[in-house]
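*Asks:* Using the sequences plus the hints, can you model the full thing?
There are 2 protein chains.
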Amino acid sequence: METLKVPVGISNRHIHLSQEHIEALFGVGYSLTKMNDLSQPGRYAYEETVTLIGPKGTIPGVRILGSARKASQVELTRTDTHKIGINPPVRDSGNIAGSPGIDIEGPKGLVRLNQGVIIATRHLHMSSEDAWKYSFKDGEYLCAIVPGPRGGILEKIRVRVNPNYTLDLHVDTDEANAYGLVNGQQLDVYSTNDQFQAAR
Amino acid sequence: METLKVPVGISNRHIHLSQEHIEALFGVGYSLTKMNDLSQPGRYAYEETVTLIGPKGTIPGVRILGSARKASQVELTRTDTHKIGINPPVRDSGNIAGSPGIDIEGPKGLVRLNQGVIIATRHLHMSSEDAWKYSFKDGEYLCAIVPGPRGGILEKIRVRVNPNYTLDLHVDTDEANAYGLVNGQQLDVYSTNDQFQAAR
Numbered sequence: 001m002e003t004l005k006v007p008v009g010i011s012n013r014h015i016h017l018s019q020e021h022i023e024a025l026f027g028v029g030y031s032l033t034k035m036n037d038l039s040q041p042g043r044y045a046y047e048e049t050v051t052l053i054g055p056k057g058t059i060p061g062v063r064i065l066g067s068a069r070k071a072s073q074v075e076l077t078r079t080d081t082h083k084i085g086i087n088p089p090v091r092d093s094g095n096i097a098g099s100p101g102i103d104i105e106g107p108k109g110l111v112r113l114n115q116g117v118i119i120a121t122r123h124l125h126m127s128s129e130d131a132w133k134y135s136f137k138d139g140e141y142l143c144a145i146v147p148g149p150r151g152g153i154l155e156k157i158r159v160r161v162n163p164n165y166t167l168d169l170h171v172d173t174d175e176a177n178a179y180g181l182v183n184g185q186q187l188d189v190y191s192t193n194d195q196f197q198a199a200r
Numbered sequence: 001m002e003t004l005k006v007p008v009g010i011s012n013r014h015i016h017l018s019q020e021h022i023e024a025l026f027g028v029g030y031s032l033t034k035m036n037d038l039s040q041p042g043r044y045a046y047e048e049t050v051t052l053i054g055p056k057g058t059i060p061g062v063r064i065l066g067s068a069r070k071a072s073q074v075e076l077t078r079t080d081t082h083k084i085g086i087n088p089p090v091r092d093s094g095n096i097a098g099s100p101g102i103d104i105e106g107p108k109g110l111v112r113l114n115q116g117v118i119i120a121t122r123h124l125h126m127s128s129e130d131a132w133k134y135s136f137k138d139g140e141y142l143c144a145i146v147p148g149p150r151g152g153i154l155e156k157i158r159v160r161v162n163p164n165y166t167l168d169l170h171v172d173t174d175e176a177n178a179y180g181l182v183n184g185q186q187l188d189v190y191s192t193n194d195q196f197q198a199a200r
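Protein chains in written order, with the numbering used here: chain A, 1 to 200; chain B, 1 to 200.
I should point out that these hints are in silico values taken from the structure, not numbers from a laboratory. Just so it is clear, the structure is predicted and the values come from calculations on it, not from any experiment. Note that the Cβ used here is the ideal one computed from N, Cα and C, for glycine as well. Misleading hints may appear alongside valid ones.
[Said to hold, decoys possible] Just the calculated beta-carbon pair ranges, DEER-fashion:
| hint | chain 1 | residue 1 | chain 2 | residue 2 | range |
| --- | --- | --- | --- | --- | --- |
| 1 | B | T51 | A | R43 | 35 to 45 Å |
| 2 | A | P149 | B | G42 | 26 to 36 Å |
| 3 | A | P89 | B | S93 | 29 to 39 Å |
| 4 | A | L167 | B | N164 | 43 to 53 Å |
[Claimed, not checked] Listed below are several chain A residues computed to face chain B (Cβ distance under 7 Å; list not exhaustive):
| hint | residue |
| --- | --- |
| 5 | T3 |
| 6 | L4 |
| 7 | K5 |
| 8 | R150 |
| 9 | E175 |
[As the list claims (entries may be wrong)] Covered by chain A, according to a simulated footprint, are these stretches of chain B (three or more residues, beta-carbon under 8 Å):
| hint | region |
| --- | --- |
| 10 | 68–82 |
| 11 | 154–166 |
| 12 | 178–190 |
*Replies:* What follows is the structure in structure tokens.
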């Protein structure tokens, strides 16, 4: 099997907002200001941030990422959720049913989200061409080998295939800090855990 | 090979102080107040805390752990070190040569540590009896299997053998948060990476 090397992209806590919530937080008719492009085409960071208010604490300066979503979604790390006192599940982006809510504060208003806070499953964005070339399927899990003094094997990496995706392994800051990963670092990924199954 | 199950113990940031530094921070002749025992015999948490002052930020309420050391040592997570602007290496406890320093503030004084800040290597405390029974050697590396949605394999776990040690796998809060570990959780550990070497 040919080995695929993928670059690491580290995601900090962030929020995706619905158009309705953008207007509730920033004012009717407000349009967010694009700050920079992200690794995936059509996705970008906005200049605006919000404050998250949990039962035990607040997190100011939480970056809004776009484009706009049908339902608002907050992606935090476990470190964040301990700090503000909520206990969200590890989930794929978009799968928010039954997840905890949170209060969101913007300059013009407050939104009480009834659900939508998750800790994101680590995932690999991959083009259809790469998926075909390396025999990966959308939705399957990969594992990656992490070298170094905090090394190990990152399992349960969800593959996300789309014709427009750019190869990028998204982990959050907790994972980056624990495994000693830096942005752009190249890791070997494997399609199956065949070589590790004996240990399960 | 018989599998050994070990309980996870999660270490938060903490500091070990020399007697000289205890007195510089808390006053001449000061004696710290024991708060509770830790998992290893003769080790305990004190009621007193200090503030760490780095180039980019401070961390208040850092717990002092005992007993007293010959040289003061600060054990932080990568999340902490990003916050206060220093870049310590991942090291075994006690191996502080060439590590960065930090300013420590107590109620009666300030200590400028020239070196002593590390991110601790994850390690497994083990009694001599267990080491003999399971054929582990002091100083060798183990790996552990982590189940769950943030699962994977924790490699580079340093074994520390002592007649008085109690079995305990020490990871820091970054590792616990990234791998989804909780205190007391039992993990399978393996003496060698034989079954994973094919991937290296």
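*Asks:* Hint numbers the structure violates, sorted upward?
*Replies:* Of the numbered hints given earlier, those the structure breaks are 5, 6, 7, listed in rising order.
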